[in-house]
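Enquirer: Sequence:
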Amino acid sequence: MEDRDRIEKIQAIKQRLGRKLMILTHHYQRKEIVDLGHYRGDSFDLSQRAARDEEAEFIVFCGVHFMAESAAILAKPHQTVQIPDMNAGCWMSDMADAFLVERAWNEVAALVGENRITPLVYMNSEAAIKAHCGRHNGAVCTSSNAGRAFDWALRQKEKIFFFPDEHLGRNTANAVGIPADRMVVYDPEKPLGGNSEADIRKANVFLFKGYCLVHTRFTLDDIGAMRKKYPEARIVVHPECTEEVVKASDAVGSTSFIVKYAAEAPKGSTVIIGTEIHLVNRLALTHPDKTILALKESLCPNMYKINLKNLLACLENIGKTNIVKVDEAIKKDAWIALENMLTL
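In the numbering used here, the protein residues as written are 1 to 344.
For the record, the hints were derived by calculation from the structure and aren't laboratory data. For clarity, every value in this text was computed on a predicted model and none was experimentally measured. We treat Cβ as the ideally placed atom computed from N, Cα and C, and that holds for glycine. Be careful, since some hints might not be right.
Stated by the list, open to error - Straight line, CA to CA, 30 Å or less: simulated DSSO-like cross-link-like pairs of lysine-lysine: (1) K20 / K309; (2) K320 / K309; (3) K296 / K309; (4) K14 / K31; (5) K190 / K247; (6) K228 / K331; (7) K9 / K305; (8) K290 / K247; (9) K31 / K309; (10) K157 / K332; (11) K157 / K202; (12) K157 / K228.
Said to hold, decoys possible - Here are the in silico distance ranges between beta carbons for each label pair: (13) K20 / N137: 16 to 24 Å; (14) R116 / R19: 46 to 54 Å; (15) E232 / K320: 48 to 56 Å; (16) M86 / E264: 33 to 41 Å; (17) A198 / A329: 33 to 41 Å; (18) N87 / G177: 39 to 47 Å.
Start from the sequences and build out the full structure, keeping to the hints where you can.
Expert: Structure below.
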């Protein structure tokens, strides 16, 4: 079957189901998928959509599995959440499984006291980690609201344990003014995360050692090469990039921030973007009056698993296959952490 035939079939199903169907598409999806969605956005935008919607019976999430899990946690009892490819996972999410997170939390809490730590978990995590966070009165955050989440957490208690992205955690801590000597990286493969007891007691922020393979590909050399080739360009990157890349850039922000940044750039200007290549390419098409370039081509293979073929198959089996379910006990605790995020 040709892609144009698949698109026609998908559009026909959308028309037939009407408001019973809601297709959510993440900014990193390929253009033909984004064009077919009812809503596009970053993980925070789409979580808000899923939480607010009352009409849709079927929510099809074109993104990776942890995003669909979050939608399933926030969904109403009459709603079913599906994902076109159940194998669309996330390497960063896999770096922090429930066992490692629980062990890390217990080690640190034994030294400084659980009542002094607020857990914050990045959206890019499995439901069990969000549940851990909810049980300990923490919150989920995204790259859109990480700063607000840090401010909120520090109003609750004096220390933060941030899972699982070391770089988003450090860049956010820098932005809210936490000194570097008050942050430690917790490596789950080492006793006490590779830190001394004194370091643990002194720290205000514990950064779990996880990272995004897409965003850690960008380097200072990439920025230097682009500065040399396009000296008038503005460089904007995602906060999952390393600290040195963020500091060498002109702006940093979530995917929604990057979309807005590109839209508001002056006509004729050059904007160089350090994030997933599908978003960069789409922004270049959307703004032909500007030169929009990738800092480096960096593709998320898990986002790329969603395509017209499996989206059509999902819609043809609406409410029947690839249903994303979360254990009720996990769902209850994870819901607390997600609700805390939505009320920040």
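Enquirer: List in ascending order the numbers of the hints, as given earlier, that are violated by the structure.
Expert: Violated: hints 6, 12, 13.
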